[in-house]
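Student: Respectively, the protein sequence lines represent chains A and B.
The numbering used here numbers the first residue of the first sequence as 1 and each following residue consecutively.
The numbering used here numbers the first residue of the second sequence as 1001 and each following residue consecutively.
The hints are simulated quantities; they were obtained by calculation from the structure and are not laboratory data.
One thing to keep in mind: the hints can contain errors.
Using 30 Å as the maximum straight-line C-alpha spacing, the simulated DSS-like pairs for lysine-lysine come out as follows [as the list claims (entries may be wrong)]:
id : chain 1 : residue 1 : chain 2 : residue 2
1  : B       : K1061     : A       : K152
2  : B       : K1003     : A       : K108
3  : B       : K1169     : A       : K108
4  : A       : K399      : B       : K1288
5  : B       : K1028     : A       : K152
6  : B       : K1282     : A       : K42
7  : A       : K282      : A       : K374
8  : A       : K152      : B       : K1063
9  : B       : K1028     : A       : K251
10 : A       : K25       : A       : K251
11 : B       : K1063     : A       : K108
12 : B       : K1003     : A       : K94
13 : A       : K422      : B       : K1070
14 : A       : K216      : B       : K1424
15 : B       : K1066     : B       : K1006
16 : B       : K1357     : B       : K1333
17 : B       : K1061     : A       : K108
18 : B       : K1288     : B       : K1366
19 : A       : K108      : B       : K1066
20 : B       : K1366     : A       : K13
21 : A       : K94       : B       : K1366
22 : B       : K1006     : A       : K42
23 : A       : K582      : A       : K549
24 : B       : K1028     : A       : K422
Each chain is listed here by its residues.
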Amino acid sequence: MAIVHRTSSTELKCGIEIHQRLATKHKLFCNCRTVLDEAPAKNTVRRRLAAVSGELGVLDPAAKFEAQRKREFAYLLPENSACLVDTDEEPPSKLNPEALETALQVAKMLHSTVVDEMFVMRKTVVDGSAVSGFQRTALVALGGYIETSFGKVGIQTVCIEEESSGIVSNPDSKGADAKAAGPITYRLDRLGIPLVEIATDPDIKSGAQAKEAALKIGTMLRSTGKVQRGIGTIRQDLNVSVLGGNRVEVKGAQELDVLDKIVDNEARRQRVVAELAQKAPKKVGATSDSAANAVDVTALFSKATAPFIQKAIASKTAGAFATKLSGFAGLLGIELLENHRFGTELSAYAKAAAGVGGIIHSDEDLVAKYGITKETAADIAKTAGCKKEDAWVAVVTDKAKATRALDAVIARANAAHEGVVKETRKAVGEKTEYMRPLPGSARMYPETDVPPVAVTQEMLDCVETPKTLEEKAGEYQKKPFSLSAEMAARIARDYSEQFDIYTQIKSIDANFVATTLAETLTAVRRKGADTGRLSQATLAEFFELYSQKKFTKAAAVPIIEGLCAGKGIENALGSGLARLSKKQVAELVAKKRKEKPGIAANALFGEIIRDFRLVVDPADLSAAVEGK
Amino acid sequence: MNKLSKLLEKVNADELDRVAVSTSDGLKLEGLVMPRIEYGDTDCLILKMDSGYNAGFAADKIKEIKVVSKAGEKKTPAKKPVTARKPEDASDENGLPKISMIATGGTIASVIDYATGGVQGKLDAEDIAAAIPELSNRVQISSFHSPFRVFSEDMTFREWQKISETVSKELVSEEIRGAIVTHGTDTLHFTAAALSFMLSGYRKPVAFVGAQRSPDRGSFDGRMNLACAAAYATSDIGEKAVVMHATTNDDHCFASRGTKVRKLHSSRRDAFQPVNEPALAKIWPDGKMERTSANAVAREETPGARPLTGFEPKVAIVKMYPSSDPEILDFYKGKKYRGLVIEGTGLGHVSTSPLRKEDCWLPAIKRAVDSGLHVCMTTQCINGKANPYVYSAGRLLSQAGVQYLSDMLTETAYVKLGWALGQKKGASEVSELMARNVAGEYNNRHEYY
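Next up, chain A with everything else stripped away, as it sits in the complex (with noise of 0.2 Å):
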């Protein structure tokens, strides 16, 4: 890469953010279940928001943003999982003791207090993943600790809270017109999951540190043995600041892998806007709702051979329009990542406040990526009213959008020199992109129609706090289990509540449980069976026939195979899988002695084998070529 990685470990500060769906019978606060329903929804809500005062009057911007959007919401309701306190019809029930007590174990093994009293706090959500407006969410315990191989981080707090609706479709990201777009359309099955959200403290000094740590508090989740797994169970979101910076929010990076990655580009990309500052005027342009700044410049722009320039200007219902940056020249071009300029992030910003597709600027190669002529190019410069210094900026779409869509770029080229700016971020692949502004703390306030909850002695006395994942993997290693340190360490963190109940059949081969469970299971899958048709009572069954030396290892396979067809196992050991006895093992070693005499004894065994495999145990195989 050609970016110089200029990381030095002081001057990065990240905390994560984890939300964990947990795996309760009912959701927060109400009697649904909590599994995603594939059922089509049956019937369907259309809802607006509004955006609306915090409790000490403030209108928080990042709510204040969404809804200067203006759009309709469609809530689709599968009939199982969403009822009418999803649909903000009924006040909620009581917050479910079981999520409760989750989250104070998982409170208790992170080292943190917990608070005497809780209350159901209102987050105002106004991109219409809830349907009343807001979040319901509660702090449950402050402070505490995990450690990592960097150090310890310190945990901020541990909260309980409503999972959002899941999204269908948004029309507006194709960048559509937002009324003739319909409906942004959310699924209300995932809505009011009980969720434990865990913030650590800015301590973490790298992205290894942070993929790390996310790793650990996963772990410790996945031990309670209470969350759901699976993709996007689980999100972590990420605060990211540099010296001197300020604190920018990333939203929705969910692939662990990468998770140090977006990290340290987020660092990187911090400090290119903060040296960028240096460069950049107080004074840019001014904002205004007029459509003062959005000159026309259609008919320059449909001299330009780009198709989608093209098409857009025929249609009649676009032009172009283009704004003045002043003393901007040769900002826009700033690289701030790889194959991101400073331009992106700005058109990013556009693409937020008016659903345009993107900004054209004057710092990039015009004649390259949208035919547009040096001498057009200079023609739109004049007619912006750019001087040498001055940049310009300009939009493809109609009017109303382009006055919306270029106020936004000047209002953030006018913070440009303020550096850092406060904001969320979307993780989008290994980099992050504007998405909205940093919600404050006015966007709380009090769920009244929920009483608060006191923790007693009592009820943190009742929690008890599981082995870690670490501590059973330890334990798998030894005997009566000896796996390996990686099938432990896998077992643990996937299968234990399986290994720990078919394990207790007497005599088993704890490895040959492991194996099954690990790897057979998966192949087979892979193969198509369907391994759902195994139950709990079919594989002990299997297990325990195992045991009794009823079949071979190498018959495993099959078996399941027979077994995810429906077919008894006793049928499918009938159909020529049963393992041979010692007796019947001696009889073929003496056969095959009479047809070949003097066969060698690997020979022998090699044949044997290859003939007899899934029903000769190759131990009795080996004594009987041995004559034992």
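Given chain A's structure and the hints, the job is docking chain B onto it.
Tutor: Okay, now just chain B, sitting in the frame of chain A:
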């Protein structure tokens, strides 16, 4: 005085002051002192952290507390979350139709209140209007009135009289197209019915509007209700109507005749539905309106109209149910009640031929009627008519002097009976008035829908 109060008093910490606290658990906290709302452990200090969360910390565990800063002007809750649009701001030249707005309290006027707990009706008419920018684009609210602020359940006939007087003064002005009355939802339909009778001489649209979700949330339903109410108040319909969500969607409202509407759900947005007739109109928040009833009274100027606000409060609703004791009627008789609305079963029945003769209501009804009580019958089925002729029970009751009110809603019947008796008329005139269709409270033709 509990431990917490002593702690706070010692350091002179008041509500909303910023304090630093250290606890025996080893926590060091900073935040604003929040007042307690209704429930919970009163010996826990509620702190609002910088993160916005409120959390409680037991006074027992507080080792140290000190005030970091007193609540400054910035920190006190804004008295009004929105700046009101004053009537004088609206220029007369903008050509927008003029309406009046009367706010009476309820969820639609609620914000969180820390002094008394929970949600309190605090906003006045101007606050409410200012929060709905759509209103100022469509209508000019030329006068605001906030005669009192009470929740629905605290309304009495006195408030109905006060609202009637306020509205009637507005409606006489030729400039005023109509009025909007904002109100709590629980008894909104009683007030709508009361004004339907008290202002039956007026032929201008009056919209009754409430909200099932308070304005402090993004999903506030009153916003669309008010936008639709503004369209109704400037329409050519001359009736009092409840204008609220037609469905759970933020799509359109129903304008339902004030005498033929009822709250049918305790919490849903579309709780108010017309009963025994279709809605007068469907209204969309952009002002579009579709008439859905052929018999809506048209608006007209009524220069000579006067409010008829007389009301006799000695009227009660009595619900009949299995094993209900007829002696309850003697209680009302003894308390000098003048009218009763019996909400009977099915077509309007009470027990007339029970296995045990003490359970029979006829004697008690006869005693009540003989003593001069005006006894009416409605159906507790909500939908459909009360009819005395189908079963012998009905015929017996009718003969005993019970007046059957057909498809009039029980709540409307109660309001109408109090109003009719309040007009200081004789018994036969009251009967005649109860039978007359004054404000669309009867619908004689039930269509299939």
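Student: Against this structure, judge whether each hint is valid.
Tutor: Here is how each hint holds up against the structure:
| no. | hint | result |
| --- | --- | --- |
| 1 | B:K1061 - A:K152 | holds (27 Å) |
| 2 | B:K1003 - A:K108 | holds (28 Å) |
| 3 | B:K1169 - A:K108 | violated (66 Å) |
| 4 | A:K399 - B:K1288 | holds (27 Å) |
| 5 | B:K1028 - A:K152 | holds (19 Å) |
| 6 | B:K1282 - A:K42 | holds (25 Å) |
| 7 | A:K282 - A:K374 | holds (29 Å) |
| 8 | A:K152 - B:K1063 | holds (27 Å) |
| 9 | B:K1028 - A:K251 | holds (29 Å) |
| 10 | A:K25 - A:K251 | holds (28 Å) |
| 11 | B:K1063 - A:K108 | holds (22 Å) |
| 12 | B:K1003 - A:K94 | holds (28 Å) |
| 13 | A:K422 - B:K1070 | holds (28 Å) |
| 14 | A:K216 - B:K1424 | violated (81 Å) |
| 15 | B:K1066 - B:K1006 | holds (13 Å) |
| 16 | B:K1357 - B:K1333 | holds (21 Å) |
| 17 | B:K1061 - A:K108 | holds (19 Å) |
| 18 | B:K1288 - B:K1366 | violated (53 Å) |
| 19 | A:K108 - B:K1066 | holds (29 Å) |
| 20 | B:K1366 - A:K13 | violated (86 Å) |
| 21 | A:K94 - B:K1366 | violated (50 Å) |
| 22 | B:K1006 - A:K42 | violated (57 Å) |
| 23 | A:K582 - A:K549 | holds (11 Å) |
| 24 | B:K1028 - A:K422 | holds (26 Å) |
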